[in-house]
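Chemist: Taken in sequence, the protein lines are chains A and B.
Residue numbers for the first sequence follow this note's numbering, beginning at 1 and rising by one.
Residue numbers for the second sequence follow this note's numbering, beginning at 1 and rising by one.
Careful, some of the hints might be misleading.
When chains are identical, the list treats them as one kind, so a pair holds in a single copy or across two.
To be verified - Mimicking DMTMM-like on lysine to aspartate or glutamate, the simulated pairs with C-alpha atoms at most 25 Å apart in a straight line are:
no.: 1; residue 1: Lys144; residue 2: Glu52
no.: 2; residue 1: Lys124; residue 2: Glu139
no.: 3; residue 1: Lys124; residue 2: Asp30
no.: 4; residue 1: Lys108; residue 2: Asp79
no.: 5; residue 1: Lys144; residue 2: Glu31
no.: 6; residue 1: Lys108; residue 2: Glu84
no.: 7; residue 1: Lys144; residue 2: Glu32
no.: 8; residue 1: Lys124; residue 2: Glu147
no.: 9; residue 1: Lys124; residue 2: Glu27
no.: 10; residue 1: Lys124; residue 2: Asp150
no.: 11; residue 1: Lys124; residue 2: Glu90
no.: 12; residue 1: Lys124; residue 2: Asp94
no.: 13; residue 1: Lys124; residue 2: Asp79
no.: 14; residue 1: Lys144; residue 2: Asp132
no.: 15; residue 1: Lys144; residue 2: Asp131
Think of the hints as simulated: they come from the structure by calculation, not from any bench.
None of the values given here were measured: they were computed from a predicted structure.
There are 2 protein chains.
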Amino acid sequence: MTIDPTERSRALRAWRLFLTAHATVAEVLDEELQAERQMPLTWYDVLVNLDEAPGGRLRMQHLANAVLFSRSGLTRLVDRMAHEGLIAREACPDDRRGTFAVLTTAGKRALRRAAPVHHRGITKHFTGRLDDADIRSLESILSKVLEGSDHPRAAIALGSPARAD
Amino acid sequence: MTIDPTERSRALRAWRLFLTAHATVAEVLDEELQAERQMPLTWYDVLVNLDEAPGGRLRMQHLANAVLFSRSGLTRLVDRMAHEGLIAREACPDDRRGTFAVLTTAGKRALRRAAPVHHRGITKHFTGRLDDADIRSLESILSKVLEGSDHPRAAIALGSPARAD
DNA sequence: GTCCGATAGTTGCGCCTGCAACTAATATAC
DNA sequence: GTATATTAGTTGCAGGCGCAACTATCGGAC
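Full structure from sequences and hints, please.
Modeler: So, in structure tokens, the structure goes:
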């Protein structure tokens with residue numbers, strides 16, 4: 001926006017902090033969930049998204065966007081989770097090309113067991129040192145960033161008001 | 001810190017926005033750099049970190065932390081970049097176990113060519129919709145998050161005051 | 001009705017990555 | 001001095017991921 005070099009370097013610094021914070025926090029959250037519940041963060045993400053969806057089911061395409069995966073990546077991820085019995089595939093009656101991923105009872109149980117670990121981790125490693133005003137700012141700022149994107153996953157993240165899960 | 005469910009869900013929402021913003025922005029920055037300079041973002045990151053280091057050189061271990069890679073991952077990354085002539089390996093005289101990665105002339109040139117593309121991308125996709133106050137808030141908030149981590153890469157990100165590059 | 005382009009999902013393939021094991025060199029204990 | 005623990009970096013290996021190609025299905029043009 002401006003050409004002021006001070007402001008540009010501030011933006012660069014912010015971007016670098018952003019990258020580092022992401023890598024660091026995501027890593028430790030994954031490690032903790034893995035250690036205590038033998039579940040990768042990606043699996044948890046799938047479970048949460050399905051749980052929040054009506055009927056505990058979501059089309060593959062939508063789920064792929066929601067969990068930040070390519071469609072092919074999601075196919076394998078769903079393969080692995082279905083093999084463990086946490087989710088199942090179901091044909092879509094309206095569109096015979098479509099497939100639903102649907103949460104199973106075991107999946108719900110796994111989610112309930114994993115959620116406290118994840119929430120604790122977020123509090124401990126992400127928002128722990130932030131006050132309420134910080135968190136509100138962060139929400140607002142990240143929303144602005146995402147509003148600048150036309151990627152479908154941005155719409156999903158902005159559109160669906162998150163529930164407590 | 002509080003147990004207020006509203007605040008907890010706010011934290012979760014912030015975390016999700018954070019993940020989505022990261023995936024979306026990192027992806028588009030990488031795509032643009034790849035398309036216009038045939039260079040992955042990881043390579044750019046290595047070049048910047050070396051360029052900022054005294055003598056254009058950094059020990060492998062330090063560089064690995066700076067660019068958010070495992071040591072083994074960095075070994076291969078340096079292999080590829082050295083093969084393209086952008087950096088070179090150099091023995092460390094003080095510690096014969098050690099290796100420096102050092103920027104070559106071609107590497108400097110590649111960095112100079114890539115930087116404007118990267119900076120433009122950050123402005124366009126990350127800070128474009130933010131005002132100066134937002135960027136300052138973001139810096140401050142992310143710094144707080146990283147202060148909660150004892151990972152060496154957090155110290156690097158917080159410690160070295162970023163230069164305009 | 002028949003085409004034809006677009007979309008949903010899966011599979012072949014190759015790249016990138018981290019973990020654990022390995023070698024080499026250094027620091028510490030005594 | 002030697003033995004032991006620690007650290008730097010690399011390599012074997014396997015898993016996870018995206019891209020492009022493929023099949024099946026849908027929707028619109030006519």
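Chemist: Each hint should be assessed against the structure and marked as holding or not.
Modeler: Quick rundown of the hints versus the structure:
| no. | hint | result |
| --- | --- | --- |
| 1 | Lys144 - Glu52 | within (24 Å within a copy, 31 Å between copies) |
| 2 | Lys124 - Glu139 | both (18 Å within a copy, 19 Å between copies) |
| 3 | Lys124 - Asp30 | within (13 Å within a copy, 31 Å between copies) |
| 4 | Lys108 - Asp79 | within (17 Å within a copy, 45 Å between copies) |
| 5 | Lys144 - Glu31 | between (30 Å within a copy, 21 Å between copies) |
| 6 | Lys108 - Glu84 | within (13 Å within a copy, 50 Å between copies) |
| 7 | Lys144 - Glu32 | between (30 Å within a copy, 21 Å between copies) |
| 8 | Lys124 - Glu147 | between (28 Å within a copy, 12 Å between copies) |
| 9 | Lys124 - Glu27 | within (13 Å within a copy, 28 Å between copies) |
| 10 | Lys124 - Asp150 | between (32 Å within a copy, 13 Å between copies) |
| 11 | Lys124 - Glu90 | neither (37 Å within a copy, 41 Å between copies) |
| 12 | Lys124 - Asp94 | neither (44 Å within a copy, 40 Å between copies) |
| 13 | Lys124 - Asp79 | neither (32 Å within a copy, 37 Å between copies) |
| 14 | Lys144 - Asp132 | both (19 Å within a copy, 13 Å between copies) |
| 15 | Lys144 - Asp131 | both (20 Å within a copy, 10 Å between copies) |
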